[in-house]
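Residues per chain are reported as follows:
2 protein chains.
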Amino acid sequence: MNLSTRLRALGQAAQKAAPVLATLTTVDKNHALLLIASELIHATKELLSANLQDLAQATHHGVAPAMIDRLRLSQESIEAMAESVRVAAGLPDPVGRVLTSWTREDGLEFQKISIPIGVIGIIYESRPNVTSDAAILSLKAGNATILRGGSEAFHSNQAIAACLERALLKAGLPAAAIQLVQTTDREAVRILCEMDEYIDCMIPRGGKGLIQMVKTHARMPVIKHDDGICAAFVDASADLTMAEKILLNAKCQRPSACNAIETVLLDEHVAPAFLDRVGKALLEAGVTLYLDAASMKILPQRLKKSFPSQLQEAREEDFRREFLALSVAIKVVSSLEEAITHIASHGSHHSDLIITENKHHAEKFLHAVDSAAVYWNASTRFTDGGEFGFGAEIGISTNKLHARGPMGLEELTTYKYLIRGEGQTRR
Amino acid sequence: MNLSTRLRALGQAAQKAAPVLATLTTVDKNHALLLIASELIHATKELLSANLQDLAQATHHGVAPAMIDRLRLSQESIEAMAESVRVAAGLPDPVGRVLTSWTREDGLEFQKISIPIGVIGIIYESRPNVTSDAAILSLKAGNATILRGGSEAFHSNQAIAACLERALLKAGLPAAAIQLVQTTDREAVRILCEMDEYIDCMIPRGGKGLIQMVKTHARMPVIKHDDGICAAFVDASADLTMAEKILLNAKCQRPSACNAIETVLLDEHVAPAFLDRVGKALLEAGVTLYLDAASMKILPQRLKKSFPSQLQEAREEDFRREFLALSVAIKVVSSLEEAITHIASHGSHHSDLIITENKHHAEKFLHAVDSAAVYWNASTRFTDGGEFGFGAEIGISTNKLHARGPMGLEELTTYKYLIRGEGQTRR
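Quick note, the sequences are listed as chains A and B, same order. Counting in the working numbering, the first sequence runs without a single skipped number right up to 416 at its last residue. Counting in the working numbering, the second sequence runs without a single skipped number right up to 416 at its last residue.
For the record, the hints were derived by calculation from the structure and aren't laboratory data. Note that the structure is a prediction, hence the values are computed from the model and not measured. Warning: the hint list may mix true and false statements.
Given that identical chains are not distinguished, each listed pair holds provided it fits within a single copy or across any two copies.
25 Å max Cα-Cα, derived DMTMM-like pairs, lysine to aspartate or glutamate [to be verified]:
| no. | residue 1 | residue 2 |
| --- | --- | --- |
| 1 | Lys286 | Glu399 |
| 2 | Lys234 | Glu411 |
| 3 | Lys101 | Glu273 |
| 4 | Lys353 | Glu98 |
| 5 | Lys197 | Glu154 |
| 6 | Lys101 | Asp216 |
| 7 | Lys34 | Glu183 |
| 8 | Lys204 | Asp17 |
| 9 | Lys294 | Glu68 |
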């Protein structure tokens, strides 16, 4: 059987499972989730040994240590995976909510209710825990899921998927509720993208290459999870104590996160005081500053002498970079408007921030910046399903439609209208 | 300048106009809309003469009379176009609604607000009034619009677009708020589909070929408006007086509409009585019946004798047909479950209907059928933005994500989160 035929069989099975999953009770779904959590814990040994195979292969291929770290499973990370499943079981069921309802004058009753999307394809890279995390949220929302993980985590993903399958069978749910594509062939991604007769929505999570490939080939709606080029604008009236606290958090707490700050725009009036104080704090925290000509000129000589290896001249392209590291690009701007324009043309519409004591500037920024989350005087690191209070997240959508920003259980549903009548006809 | 360069210039201009449109006041938008209405009325002569060119060309090319009818403008249709614009001016502004809001324990305030999508591409066929109807709804929702009409309405569309442009300039709005692609080259559609750096969302309205082309090539989200293969299931306990009334309305009122019924599924217990009575009524209304073997066998001899030219043997593919005409495919099923399964595998997830006095059957059908609108004892013809109470519609979405079913002003917006703090950082 060739790859295309095999993948289409997966699609057909998922499509067949979808209506069964859509009508499951909350109790049934939660029961299955708790069984999944047990299976993961019971299979700790198998999971670790499968993971060792992936780690050995990655080391053999000279994969970067940071990547190997993301690939690694441990007893703790397996327990965390199981705990995520239990948390999902405890969350409210997103299916069957009455979103709105109304009655026409002729008595026709309209009800808009939330329903599962149907079949969701998830294409991801690296971290094997996504196999479980993504699949269980999708299941809780009543969807069938087809997973395509990265080749570097092939054995780990297979071992996790085997746990899920065992639990589904024990729970009496269709095994096709969660299916893992069992190949490392990249062609599989292209074929899945063309299966719009089976897959209702594709969620790619990963690097630019993967996202671009899915966007180009997909015939179904795509909810992409890609880069965060997040900017902070420090306004003339900013409280620098607050700016220091927020920026250290937003840049240094987890530099590899998509909601970390990559660009700092400085109002020209605040630039000298900012660089003297917050610039110093960032340098002391180990951050490399990519400075535009104006900010390089302003930077105090003593800092230039103390941190020579952490100072770089910023090129234009550094303001479109997702450093994913302890680096930040800094630019002096002459006004709030220039900051807004810079963010529109250089940012990725993910999370952006204004630090100011000027309420009018804050409101102007909040409304003018077209990003999923726009902040006033708070860290962009809050862009996260857990921090938003969603209980769990499948990721941070960089789409503008359907789901924008943190994507939780509700965003894994869609809606339909139920209309109840007594023989009404249209005039 | 080649086609790609010209289209990209359009995209750039739209992208530049989008933030201006996003921050317009409701008063400004409504003022512009009322100017558009006036321009359309003042330009009646020019519009009619441009339309005559299209009609002459269509006649010369032997286009079908039904198509020519859809292409034709008249003083009345121009007045109706202007009236639609005035209605849009009177509707509530869909931008800036607070969709939800909450405050965290640490005082961080979250607000989810509606905002315009940005730049919307609309690719459509035939009816020139879509040029105005679609563009003005998109404008009211604060979006920039790029229109690509069918070549058969080329001159009419240009004349309407010229009215819109004059009104935008008078209103002091960017001319790029509404732009018409000035070419009949089909290649333009493919190029637009690849312009995801400028166009946030593509809305294709038209035949299967057009939808397929957009789905295949588009790199941005697509909200498609395609076929309605709507089914009515007549349950064993159906009230046949009601069934007759509803089906005559749903099939005959406007057979060319996507919300007209194309398939009738009959519970085997009701089939004889139904065919005797409602079958007769449909035949008398001029409807051609495509009957499966079981229903052909049951159909009373007298009807076979009286309406020989309106009876056909149904082939399997007739149950996947959008007749768009006074024809309907009829099939006998043994249960509610068989009806639900038939609709899942043959329908287009648009609008489906159960006629029954059995509340349990009704609720099972309402919840199990995965269509944008699911009806109990009412005509599917109600699937329409106006009938839903949306005030206006850009069409009926057959997407599952973002907008499903009638798509009004609210569906032309998306959202973002505004987060207001006092220096909060993430733990």
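Hints, one by one, checked against the model:
1. Lys286 to Glu399: neither (49 Å within a copy, 49 Å between copies)
2. Lys234 to Glu411: Classified as between: cross-chain Cα gap 11 Å, same-chain 62 Å, threshold 25 Å.
3. Lys101 to Glu273: neither (54 Å within a copy, 37 Å between copies)
4. Lys353 to Glu98: The answer is between: 17 Å across copies meets 25 Å, while 41 Å in one copy does not.
5. Lys197 to Glu154: Neither: 31 Å inside a chain and 39 Å across chains, both beyond 25 Å.
6. Lys101 to Asp216: This pair counts as between: shortest inter-copy Cα distance 22 Å, intra-copy 34 Å.
7. Lys34 to Glu183: neither (37 Å within a copy, 48 Å between copies)
8. Lys204 to Asp17: neither (35 Å within a copy, 36 Å between copies)
9. Lys294 to Glu68: Cα proximity of Lys294 and Glu68: none, with 47 Å in one copy and 75 Å across.
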